[in-house]
Structures are given as C-alpha cells and as structure tokens.
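Novice: Build out the structure end to end from the sequences listed, making use of the hints.
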Amino acid sequence: MVKGKRKTAISAKPKPGDASVKENEAKENKHGKPACEEHQHIEYLIKNNVEEGLKVKCIEGKGRGVFADRAFQRGQFVVEYHGDLLEIEDAKEKESQYAQDPTTGCYMFYYRYLDKSYCVDATKETSRLGRLINHSKNGNLQPKIHDMNGVPHLIFLASRDLKVDEELLYDYGDRSKEATAAHPWLKH
Numbered sequence: 001m002v003k004g005k006r007k008t009a010i011s012a013k014p015k016p017g018d019a020s021v022k023e024n025e026a027k028e029n030k031h032g033k034p035a036c037e038e039h040q041h042i043e044y045l046i047k048n049n050v051e052e053g054l055k056v057k058c059i060e061g062k063g064r065g066v067f068a069d070r071a072f073q074r075g076q077f078v079v080e081y082h083g084d085l086l087e088i089e090d091a092k093e094k095e096s097q098y099a100q101d102p103t104t105g106c107y108m109f110y111y112r113y114l115d116k117s118y119c120v121d122a123t124k125e126t127s128r129l130g131r132l133i134n135h136s137k138n139g140n141l142q143p144k145i146h147d148m149n150g151v152p153h154l155i156f157l158a159s160r161d162l163k164v165d166e167e168l169l170y171d172y173g174d175r176s177k178e179a180t181a182a183h184p185w186l187k188h
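Following the UniProt record's numbering, the numbering of the sequence shown begins with 1 at its first residue and continues without gaps.
Hints were generated in silico from the structure; no laboratory data involved. One thing to keep in mind: the hints can contain errors.
Under the rule of at most 25 Å between Cα atoms (straight-line distance), these lysine-lysine pairs were calculated in the DSS-like manner [unchecked claim]: (1) K116 to K144; (2) K163 to K57; (3) K47 to K116; (4) K137 to K47; (5) K137 to K163; (6) K94 to K144; (7) K124 to K92.
Specialist: Shown next as structure tokens:
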C-alpha cells in the first residue's frame, strides 16, 4: 500500500524558565533514571540503530505496521523516525519529485526546532522501523525532538503504557482538505 504525505508539526524551543542542563541532570525521569543518563541511553540507541522490542506485520487493507514485541512504559523511548534531515526548501523540492511518481510513497515528517523548519525524509526503503508507523487520531506514541550535539533527531515516546502485540500509532496531524481528500484515512 502506498503511504501518503506525513505532515506533522511539532515544535521544540526552550521556554523562559525551563530548567538548566545542570538542573535536569539532577532530576529523574519516570523510570527512575537520572535525566542525563536517560538522554545518553537514547543517544546510544540512535547512534547504534538499535530498535528493540518492535516487529513489522502486514495488515490487510492497510499495509505494513509496527507492533510492540514487548511492553513499553508511558514516556519511554520507543523508536527514532530515521531518514534524511532536510531544510524546508529541499524538503519541498523532494516532495514535489515524489508526487510525480504514483508508485512512490511519501514518508516526510515536518517540524520546527529552535525557530527553524526541518523535515525528516524517510521515503527511501530501509530496515529502519519508525517510518512504518501508521496513523491514528488516537495514537499511542508522541513525537519529540532529541538534540544530539545541535542536531535534532525525531523520536517517539510511548504516550501511555503499551502492551505486547499492540500496533504503534501516532497522529500525522495533517487535516487539510487536500490531504484528507487524497487520504481519507487521515480522518480516523
């Protein structure tokens, strides 16, 4: 099944009054680890392309989907949405190229980070699983920006506790008339 455009907007910008890095190092996350240790663990997983606890299944009438192969706790890192990091101008050009070929899906995730627009283009078929996560208005994953030495990485965290064999879903966020006309499943 050919996937459609994935235009999602998230923004990651420090807000006045946010805790400093040193204050964050002393805090613990929801899983009892110091925040800096959790950040380092996520960096390790990203750098080493680790995607544990996930499996791909074919879903009739829907195509491929990603399922939990183990339980995840609310707030826990699940997977990176991996692809080419593009600036907005390059992304628009790529998207228009993809639109010329009806056999090519479009796996593009747009977002803002530190007042700049970016896109992760995961259209190229790879073994990475984040690109195969399907849409639901009531998704169980939350996208988040994970900064690694000034480079934004798009990751998904569990928005609630996830059970084994549960399909992983997130809200693509595109509700434009054009998108919902081309892809009616965005309404659900």
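Novice: Evaluate each hint against the coordinates.
Specialist: Do the hints match the structure? See the list:
The straight-line distance between the Cα atoms of K116 and K144 is roughly 15 Å, inside the 25 Å bound, and the hint therefore holds. With a C-alpha separation of about 16 Å, the suggested pairing of K163 with K57 holds against the 25 Å cut-off. Between K47 and K116, the direct Cα distance comes to roughly 23 Å. Compliance with the 25 Å bound is thereby established for this hinted pair. Under the criterion of a C-alpha separation no larger than 25 Å, the hint pairing K137 with K47 is inconsistent with the structure, at around 30 Å.
Restraint check for K137 and K163: satisfied, since their Cα atoms lie roughly 19 Å apart, inside the 25 Å limit. Straight-line distance between C-alpha atoms of K94 and K144 comes to about 23 Å, which keeps the hinted pair within the 25 Å bound. The suggested pairing of K124 with K92 holds, with an alpha-carbon distance near 16 Å, which does not exceed 25 Å.
Hint compliance for this structure: hint 4 is the single one not met.
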